[in-house]
Amino acid sequence: MNKEISQLIRCKISAIKRLTWVLSTVCILLFNGQSAAENAPLSFEVSYLKLLKDHVATFSNINALPEDSGLLGAQLAVNDANSTGKFIGQTFTLSQFELNASQDLLKRIEQQFKSGVFVFLVSGDSGVFEAIDRWAKNKPVLVFNVSEPADDMRQTLCLSSVLHTVPSYRMKSDALAQWLVAKRLSKILLIKGEGSTDEHIAHAFSLAAKRFGLNIIEQKVWNFNTDLRRSTQQEIPIFTQTSRPYDVVFVADAHKDFAEFIPYNTYLPRPVIGSAGLEALAWHRVIEQWGAAQLQSRFRKMTARDMNELDFSAYLAVRSIAQAAQQTDSGKPAELIKYIHSDAFELAAYKGRKLSFRSWNGQLRMPLALVQPNAFVSESPQVGMLHPTNELDTLGFDAREMRCK
Amino acid sequence: MKKNTFNMSLLLAMLLGCNAITQAQAEELAYVSNEKDNTISVINLAQHKVLREFDVGQRPRGLVLSHDGSTAYLCASDSDSIQIIDLVDETVTGDLPSGEDPETIALHPDGKIIYTSNEDDALLTVIDIGSRQVITQIDVGVEPEGLAVSPDGKLVVVTSETTNMVHWIDTETYENIDNSLVGARPRSAKFSQDGKQLWVSSEIGGTLSVFDVNTRQVIHEFTFAISGVHRDKVQPVGVELSRDGTTAFVALGPANHIAIIDVASMDIEEYLLVGRRVWQLAFNQDQSKLLTTNGVSGDVSVIDIAKRKVTHSIKVGRYPWGVVVRGAK
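From first to last, the protein sequence lines stand for chains V and P. Numbered by the numbering used here, the letters in the first sequence go through residues 2 to 406 in order. Numbered by the numbering used here, the letters in the second sequence go through residues 1053 to 1381 in order.
Hints in this document: simulated from the structure, not taken from any laboratory. Keep in mind that this is a model prediction, so the values were computed, not measured. From the three backbone atoms N, C-alpha and C, an ideal C-beta is built for every residue, glycine too. Warning: the hint list may mix true and false statements.
[Claimed, not checked] Now the stretches of chain P that chain V is said to cover, found in silico as 3 or more residues with beta-carbon under 8 Å: (1) 1163 to 1175; (2) 1361 to 1375.
[As the list claims (entries may be wrong)] What follows is a set of in silico ranges between Cβ atoms, one per label pair, in the way DEER data are often shown: (3) 1103(P) / 234(V): 40 to 48 Å; (4) 339(V) / 1121(P): 29 to 37 Å; (5) 132(V) / 1225(P): 41 to 49 Å; (6) 1099(P) / 65(V): 38 to 46 Å; (7) 1281(P) / 64(V): 50 to 58 Å; (8) 1297(P) / 80(V): 39 to 47 Å; (9) 101(V) / 1325(P): 33 to 41 Å; (10) 1185(P) / 116(V): 27 to 35 Å; (11) 1321(P) / 386(V): 52 to 60 Å.
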């Protein structure tokens, strides 16, 4: 009863508020033409471009991401930006494009740019970003990579026009490696799939292991041609039997084809990390500290599902531009770009630390959560991991590790 | 004879026991809302001991006392209500309609109106205590948090964490008269006793802004530096200003310290180490003590203000959030 009344009141109030806003805008226009021109409402259009990928066949489909992952994160951030924007005369809109080939995506981005859009969120692969980066040279555009963790994009390709709001494989590997150091688990059995991305993840982890002084005692490739659902209990123990003991098993399996079947089936009873068991993620439904509970519930209310890492990366991208617009009170692309790349930029993102972009590779620096499917386990950087300027830079490629081609 | 002695000592013990209870009732009590336990811990401030805990609604956070101290109003966020708690019986006696997910709460100086921020809905709800009715709801920024009513009762301000603003609202017309940008993730707002200044903490921005209330302009901005703590971890949250207007106290979140500021010179004079992730602050009645709720370590630190020393650490429930002190009867 009370709720109904309060809702009714709320509707009325917001209607009155809208009317007042319209009236006051009219008044400003009528009586103060000069300042109205200066304070004209700023509007920002954000384009979300998604390169459609071929579906990868896996044993079990239960872990597939919802199709609208990413987009809904961007939508929530647009809603938040508009809630803020109504007090400062800024509006944000979102348009979405799904494209089958990278050429189509490039054409679309060009077309959007010509119609005045300069903020692009892109969900695609390394190749698309290389092409976009060539296109974007000397153009006043903001391109956010919200989906691709590939390390070459952060170390060797040197994409000067792309900002990454999704953490790289290397950041995730460093986050897990730091936890292993903290737990004194130094002997690792590394298992990887046959795919090139699996190899990529395994390589990132071996770099992290080297950085933090961990010992990979053996590497194995999973290529058994068996139905794991029926025979994991027979197959995995034999597969994970080694001549030397290990403290932990790291699994590199980008599509979770077999990773989820490794825990509880290893030859030695050891924890599993990487693509199953303990994962390093920018976001997961179990995160609730630092105000995260509010973001989780806002997202759930809007979408009736949990927010995942892709949603969060897109959310951060829109929040970055909204933050820059709020702080600079400018709609000029060059000013916004300059601000986002500057030391003044700081993003509050439910992580308990201010986030900012690394000047050397455009990666958003952030703490990563280490989670198991139903609980938050830890957060990296681990306590005691030191860095000359910013502890967050103990995760991922530091400035001196850049190898631009 | 031996038996008699035993009885006598038993009687004596009982008398002493009774005496202790009477004394305890006459002492100051602190009430701490435990966000993850759905309880309130009752602390005897003379003994620095938790006397008991009692059950309240879900996810209890902000709380405030009625002027006579007999009643507490508590935001039970996940119960979507403000609970009215009789502090004599320590029972929940009723609810105020609060809108969804109330987080923080402030009482108008007239004691008749309550303001609460609805974190999930970006609203400020105004509630009439007498009729238990919502008077109005006002649109504010995303994740409204800190709330304060000016001492003359004419202004209510609310900070919004994700919009990074202070919203200034007229308490008579319910009009949002101004919005001021502050550092990232503003948390607490406090008016000075004379109503001339408003102090606002920004958790992620790491700043504390002091506004001149007349002009609504920032007249001073503090940043904090604690040796051995990275500046990004110094995150101002709760703010309290002493009644005499001389001193400000600021909780610095995961830096696990509070800062003590001399208001006249605007100098940060000292940092005191307290529990982990220090959130909210409250004075006792004569302002000889300051209490801090420490979210991660699940305890309350007691600071002797004259000595500027943390004298006690009192274990309470999980994620202690708000704290109020009720004076001696």
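message: Between the beta carbons of residue 1297(P) and residue 80(V), is the distance compatible with 39 to 47 Å?
response: Given about 42 Å between the Cβ atoms, the range holds.
- request: State, for the Cβ atoms of residue 101(V) and residue 1325(P), whether the hinted interval 33 to 41 Å holds or is violated.
  value: violated, 59 Å
- prompt: Would you say the C-beta atoms of residue 1281(P) and residue 64(V) sit inside 50 to 58 Å of each other?
  reply: violated, 40 Å
message: Looking only at beta-carbon atoms, does the pair residue 339(V), residue 1121(P) fall within the given range of 29 to 37 Å?
response: Given range 29 to 37 Å: violated, Cβ gap about 54 Å.
query: Could one say that the CB atoms of residue 1099(P) and residue 65(V) fall in the range 38 to 46 Å?
result: violated, 58 Å
message: The hint says 27 to 35 Å between residue 1185(P) and residue 116(V); measuring C-beta to C-beta, is that right?
response: violated, 50 Å
message: Is the coverage entry for the segment 1361 to 1375 of chain P by chain V consistent with the three-residue Cβ rule at 8 Å?
response: This one is violated; 0 residues, fewer than the three required, reach chain V with a Cβ under 8 Å.
- prompt: Between residue 1321(P) and residue 386(V), is the Cβ distance one that fits in 52 to 60 Å?
  reply: violated, 32 Å
Chain V covers the segment 1163 to 1175 of chain P, three or more CB atoms within 8 Å, holds or violated: Three-residue rule met by the segment 1163 to 1175 of chain P, so holds; n is 4.
query: Okay, residue 132(V) versus residue 1225(P) on CB: inside 41 to 49 Å?
result: Given a distance of about 56 Å, which is not inside 41 to 49 Å, the answer is violated.
Distance restraint evaluation - residue 1103(P), residue 234(V), Cβ atoms, bounds 40 to 48 Å: violated, 54 Å
Checked against the numbered hints given earlier, the structure breaks hints 2, 3, 4, 5, 6, 7, 9, 10, 11 and satisfies all the rest.
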